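Peer 1: For reference, the chains in residue letters:
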Amino acid sequence: DAGVTQTPRHEVAEKGQTIILKCEPVSGHNDLFWYRQTKIQGLELLSYFRSKSLMEDGGAFKDRFKAEMLNSSFSTLKIQPTEPKDSAVYLCASSLGGNTGQLYFGEGSKLTVL
Amino acid sequence: GMPVEQNPPALSLYEGADSGLRCNFSTTMKSVQWFQQNHRGRLITLFYLAQGTKENGRLKSTFNSKERYSTLHIKDAQLEDSGTYFCAAEGGGGSGNKLIFGTGTLLSVKP
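Top to bottom, those sequences are chains A and B.
The first sequence maps to residues 1 to 114 in this note's numbering.
The second sequence maps to residues 1 to 111 in this note's numbering.
Next comes chain B alone, as it looks inside the complex (with noise of 0.2 Å):
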């Protein structure tokens, strides 16, 4: 199967509301990263993660390296999150620094 899983592909959410996003790896990842693509095109990095949980504002994401797996919780959803939130992961064995992408999450926030 594909080495990083993303899941949902597509999420309509209305203001205020709480959801998550979920990334499943085949194998043993070294760390991923969490990135928001704006109407402009550029990938914002919003998390960076080796292990653990990190917040930052109405956003958490936690990454178990062990089980495989990495997720994306969304609190209070805002108009302005809506775009598409990728998950990268570096994998490890002399990969060097090289991710592999997930195919993302087309996040929609109505009123």
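With the rest of the complex left out, here is chain A (with noise of 0.2 Å):
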């Protein structure tokens, strides 16, 4: 089975631009999560979908960041406009959901804004 497949893996961007990264779960799983990874703030919650319905929109980061999930098998991250201070890895995960919180994450896709 295909784990979590994120795209693209590094992306570089200048100040201002619109960056879309794009995350496919585990086929079958319900719930999905965007997080940020940095050293200094550790990982932090984005986003969090349960069967396409958005749950969580990770409060500080709403002005500028979008999640969508257009379909239980595709979801994208939307940063407008971009900001040196985004960046980071931003890691998508997956779980079955229900009573089971098990997460498989991909690889992340590395974000640099200049």
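The set of hints was computed from the structure by calculation and includes no laboratory data.
As the structure is a computational prediction, the values presented were derived from the model and not from experiment.
There's no promise every hint is true.
[Said to hold, decoys possible] Computed spacing ranges between beta-carbons, pair by pair:
1) LYS85/A to LYS110/B: 34 to 40 Å
2) ARG64/A to LYS98/B: 27 to 33 Å
3) THR45/B to LYS52/A: 38 to 44 Å
4) ASN38/B to SER27/A: 18 to 24 Å
5) GLU83/A to PRO9/B: 25 to 31 Å
6) GLU67/B to LYS52/A: 18 to 24 Å
7) ILE20/A to LYS98/B: 19 to 25 Å
8) GLU67/B to ARG64/A: 37 to 43 Å
9) SER72/A to LYS98/B: 15 to 21 Å
10) ASN56/B to GLY3/A: 44 to 50 Å
Positions of the beta carbon are idealized from the N, C-alpha and C atoms, including for glycine.
Assembling the complex is the task here: the two chains are given apart, and the hints tell you how they should meet.
Peer 2: Structural data, given as structure tokens:
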């Protein structure tokens, strides 16, 4: 079975650009999560979907970050406009949901904003 | 304080040594997961525990919800065990399956 797939693996953007990161969860999983990882802040939850419905939009990340789940097998995270402080690794994870919260992570998309 | 406190922040071991990592929780958690982040950046699940103890090869993990802690024990450390280890706990009370991550332990295993 394929795991969680994220593209692109690396992205370099100029300040002010719009970037879109993509994620394909494990087939059959109902929950999808977007996390941001930096050395200083560690892992921070950006968005959480259950059965394609947005359950959590990450509070502080709302203004320039928008996650969407167009169908059960594809999600995007749009950052618009990008700022240098957005440089981080963006991780997507999925889980079956229900009573089990075991997460499966993708390899991440490393974003560098100049 | 932090809802999930992970220690130590860094750990250096020689091959063959045994050691342990610990996470303390400020509140009762429903479950805990332990991950290893490899050199490619992927977080690999080592354990998922709702209670008790699990073993897998040279690794053993315990979760005590009542006492609010979890441990990960590494036996006979190998070079390939190097990486960053995270615990992540799922709270109760309608938090869904959202996880709260510890700050990680950077493990270096030396020959």
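Peer 1: For each hint, tell me whether it holds in the structure or not.
Peer 2: So, going through the hints one by one against the coordinates:
1. LYS85/A to LYS110/B: 34 to 40 Å: Roughly 35 Å apart at Cβ, these two residues keep to the hinted range, so it holds.
2. ARG64/A to LYS98/B: 27 to 33 Å: violated (21 Å)
3. THR45/B to LYS52/A: 38 to 44 Å: violated (24 Å)
4. ASN38/B to SER27/A: 18 to 24 Å: holds (23 Å)
5. GLU83/A to PRO9/B: 25 to 31 Å: holds (28 Å)
6. GLU67/B to LYS52/A: 18 to 24 Å: Check failed, 38 Å falls outside 18 to 24 Å.
7. ILE20/A to LYS98/B: 19 to 25 Å: holds (24 Å)
8. GLU67/B to ARG64/A: 37 to 43 Å: Given range 37 to 43 Å: holds, Cβ gap about 41 Å.
9. SER72/A to LYS98/B: 15 to 21 Å: holds (19 Å)
10. ASN56/B to GLY3/A: 44 to 50 Å: About 19 Å separates the Cβ atoms of ASN56/B and GLY3/A, which means 44 to 50 Å is violated.
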